[in-house]
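Chains as they are written, first to last, in the working numbering: chain A, 1 to 635; chain B, 1 to 635.
There could be a bad hint or two in this list.
[To be verified] Below, a list of computed lysine-lysine pairs in the DSS-like style, where the Cα atoms sit at most 30 Å apart:
#1 224/B with 153/B
#2 206/B with 60/A
#3 153/A with 42/A
#4 369/B with 613/B
#5 613/B with 224/A
#6 203/B with 122/B
If you're looking for bench data, these hints aren't it; they were derived computationally from the structure.
Note that the structure is predicted; figures quoted are calculated from it, not measured.
2 protein chains.
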Amino acid sequence: MSTAAQIRLRPLALADVQIGPGFWGRRVAINRRATIPHIHRKLLETRRIQALEMKWRPGKSHRPHQFYDSDIAKWLEAAAYSLTTHPDPKLESRVNAIIRLLGRAQQADGYLNSYYTQVEPKRRWSNLRDMHELYCAGHLIEAGVAHFQATGKRTLLDVVCRYADHIDSVFGPGKRTGCPGHEEIELALVRLYRATGQKRYLKLSKYFIDQRGRRPHFFDAEAKARGEEPGAFWGRTYEYCQAHRPVRRQRVVVGHAVRAMYLYSAMADLAGETGDDSLMAACRRLWNNLTQRRMYITGGIGPSFRNEGFTSDYDLPNDTAYAETCAAIGLVLWAQRMVNLTGEARYADVMERALYNGVLSGVSLDGRKFFYENPLAAYGDQGTIRHGRARRQEFFGCACCPPNVARLIASIGTYAYSAGPGAAYVHLYAAGEAAAEIAEQKVTLSQHTRYPWDGQVSITVTTAAPVRFDLMLRVPGWCRRWGVKLNGKAVRAAVMKGYARIRHRWADGDVVALSLAMPVERVQAHPKVPQDAGRVAIQRGPLLYCLEQVDHAADVHAILLPDRSRLTARFQPRLLGGVTVIQGRGLALARTGWTGRLYRPTARRSTRPIRIKAVPYCLWANRRKGSMTVWLPRA
Amino acid sequence: MSTAAQIRLRPLALADVQIGPGFWGRRVAINRRATIPHIHRKLLETRRIQALEMKWRPGKSHRPHQFYDSDIAKWLEAAAYSLTTHPDPKLESRVNAIIRLLGRAQQADGYLNSYYTQVEPKRRWSNLRDMHELYCAGHLIEAGVAHFQATGKRTLLDVVCRYADHIDSVFGPGKRTGCPGHEEIELALVRLYRATGQKRYLKLSKYFIDQRGRRPHFFDAEAKARGEEPGAFWGRTYEYCQAHRPVRRQRVVVGHAVRAMYLYSAMADLAGETGDDSLMAACRRLWNNLTQRRMYITGGIGPSFRNEGFTSDYDLPNDTAYAETCAAIGLVLWAQRMVNLTGEARYADVMERALYNGVLSGVSLDGRKFFYENPLAAYGDQGTIRHGRARRQEFFGCACCPPNVARLIASIGTYAYSAGPGAAYVHLYAAGEAAAEIAEQKVTLSQHTRYPWDGQVSITVTTAAPVRFDLMLRVPGWCRRWGVKLNGKAVRAAVMKGYARIRHRWADGDVVALSLAMPVERVQAHPKVPQDAGRVAIQRGPLLYCLEQVDHAADVHAILLPDRSRLTARFQPRLLGGVTVIQGRGLALARTGWTGRLYRPTARRSTRPIRIKAVPYCLWANRRKGSMTVWLPRA
């Protein structure tokens, strides 16, 4: 396998992908109709948008916070994606109103930060380590690019280009030294470069990446300049922000998980743009460490609330899992870059795992409530401690997750397809249409499927003229039996890096049918994961399942799953908007004979049979509040 | 069962109990030879003792801390107990040196606190909630009583009486209102009353207890007087210090676990001294809540590091268990009071459980290293997060646990025996001798036993003249088969509140042999404890066992215990100073087939047989650093 860094595939533009009715179509609709307006309302209620009016003065209430600009920017990005696929004048006027505020808030030199300009005007760029200044800038840049691509208007793009130019005038060789404590601007600058063609943005991104972890350490010098002890900060160590050593020498995913994902995404972007194999090699090493030792089965990452991030290999506690929604989103961002760089399906496997489980669990089915943390076990009657919380919230003081999940769902189409030389790739299965230019021919792929509820996928090719290309269909890592038919006849497809390759001269109306066997599976974790020893999780297709208290007469944490119990899948159209549940027999630990006792000798197994019903993990906590568990003890 | 509060039994005085060679004799010797000198050295190294010289001035280093006096007081108490059973001129001169410092540090009005006098001389009694002023006073009082009882000298007793009198002049009806944030002085004042006969100390104790949780809340008023928001403190809620409601209306053990235990101990003391049935009823309710819903199988209590205390019913995580050593010690203190108030062995059962497991785990076998937290699972390669730590430390910045365990072990004899009307009680089995006056006759009970390594206990009665009394031998709650012989002949003994009653007219040389069957048991937890579902712990007699990594080729967290696997006990004289281990066959999760994978479908069980060797939990972490686990998944 070559490790040479180059971009092999290009994701289809969002405008060219239409997600039709089905699992994702529904989520996109909820996101558009509920989540995006809800977040806008919350941004107003919490006076984040008003902070852009630049009327705050010392002593007044509602002091702007250093994260605010990023919350607004991510909402703008989500709105831009939504406008791409679903024009909406009301939404557009809300967007334009904020863009006007941003334009007015921008300083003459291009600087744009509502916190510093109003609260600490003399302290710009004095604390890159902690103050999220470049992080906010990065999100504004992403919003500017997304808005330009959605509308063709340069209103926000021009603002962020001026800001990026200002930043470029401040930092770089022969100028100020620096790199951000919270990564984000690096990947944003690559996006800006791709949208504008201006190489200076790519160079500035590379500068920030290359500065990271250098000795003498910039964060030390910066702290001393403020008159502070270098080590005295929230993160405590530079591992926290992946600045403990130069990025090419990093081998283990450490620190704050969201920061890590944004950094690695930028490293992948730069590797692809610059052909830097050493960056690509670092990405591969970090990827393997993450996905083989530090990732929940949900695709959630970062088990600890202490650093909102990573701990040690195989440390994956379930009830105290932090697994921030933003971190799973960051993993999707990185995975998409890796799959497009390499054409290897294993990256898309992780992308799918995170999307269907650890990301979607972050937002309620009504689109108006969010999890910041995504534990794999929750105790419904939990009181004061940080174990899995069983209820989503409408918003957060630190509100990164809601607009992040909104921008990802709004742009889901672009994660589903890529075009490569003489090939069209399907990474994700979702009803809808994708238009691509392949082998210099415009073709449309119309996908019909009920995925993930079943594994049948039919793709109809529309083309003005016959065209030869490879249709590359991902064979998911979870799938152990599959087949392909072309126009009704079984064909043998070679598997290339995890994709079934259907090499064909396509005529208009050709139909490919992919059939993925989707049995109910019991999955176990690596024996080095102490919390999951002797336990299994239930999975079917890409969906991980869980037991919720509302469906069970016995405490879900006291239910064992016998190895021999048959588990069957059944679609329930009225449950949770239509969902395939898994049913079978479990064993509930008997509650008799315990009066006055907390411990007792085991005489017999003392269990009773109980019907179990598992629902997709991503849909938990949408009904009555109660306990939940993913990993069941085997019996 | 009567709930009337009265003292039924009196523990034998420490001077009247001699602990002979054996399990406890060895621990007492280590405590005397290693732990007590080690802590003295640490008190000097950390300049705690020097803080009593009252030479600190603002701007100087080594500022006294508000806990320091209590650390010194507990060491003095431990030293006093040790002097009681083992005179030692060198130790006595160290004790006297500190007493001289305390005498000089005492202010003219009797006030004695090294922190306030030197650091905040104007702020005495301004923050009872947080500043441990009365807590330190309580420990000084306990030390004063212990020193007086050990040596007959009033040097320290006079100091603490003056201090208690000063406190009595400040607080009480018609004087200042108040009660401490960290309980301790309440039980100390009862001790001082018992030692001196001065009723005012008992009344002051009752005053503090009765103030607790009253509305309007004293802590609110006190905070406002300091110009602070009432809720803005470390504990956040008054549950933290059991001041959320009056003590007689408390039904659930809440908040900081050590504080809770000291409070309940004082409530039991007061119930006994005053015949207050409402206090006794509260004690019984709280006891049942604690031992039936909130106690680890080790007798450790307080699962959360956040409040160093309690969370919710059945929440007993193993790897993140806080289970502070001091909290298990506090449980022993409370249990001893409850057993002496009621004559019910169930309290002694918990006392024994905590002593042999959650307390003893707090100190290394060499007596010079300590656990503050006592988790039930540890991951040996653990990095940055708060999971079970696999290595004890020489001391702590907050050094409450080391001198606390030292004072408990030094006084263990007084927990073993009590005298009641016409009865001698044996609560704990340990080789040695106890002298008691029963039915107005001096008798000596000589105990011969290898307990807890086996369940054979022989007691020889020495008496100048025949005497009729009931010998009450505790039948431990863990024991399901037992028998008694008197002078070699089996006798039927009635069981009274958990004690086998041997009613006899005792002649000199009579021998009672108690035989307690001590098979290896698998124990399960209540099905509502989510962390232990599908798991068993190994117990034999009072000792809980664990698997340590050093004894196993497979990761201990990947070892399952089949229900049918036979477990056998075997004494290994050279291991850990002589210890009974439990051996048998387990199943280790196979490590093959995992290359590059973190999750995979379960095809077969994929385990391999492995020999397991369990060692007593209290002795873990005395060899090579590594993982440990108590609760094994059943297979």
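Just to be careful, I want the Cα atoms of residue 203/B and residue 122/B compared with a cutoff of 30 Å; is the pair within it? 28 Å, holds
Is residue 613/B within 30 Å of residue 224/A, Cα to Cα? Roughly 54 Å between the alpha carbons, so the hint for residue 613/B and residue 224/A is violated.
When you check the alpha-carbon spacing of residue 224/B and residue 153/B, does it fall within 30 Å? 44 Å, violated
Taking 30 Å as the top limit, are the C-alpha atoms of residue 206/B and residue 60/A close enough? 49 Å, violated
Hint check: residue 369/B vs residue 613/B, CA-CA at most 30 Å. Holds or violated? 24 Å, holds
What's the verdict on residue 153/A and residue 42/A, does the C-alpha distance respect the 30 Å limit or exceed it? Holds - the C-alpha atoms of residue 42/A and residue 153/A are around 26 Å apart, at most 30 Å.
Figure legend: structure checked against the earlier numbered hints; hints not met, in rising order: 1, 2, 5.
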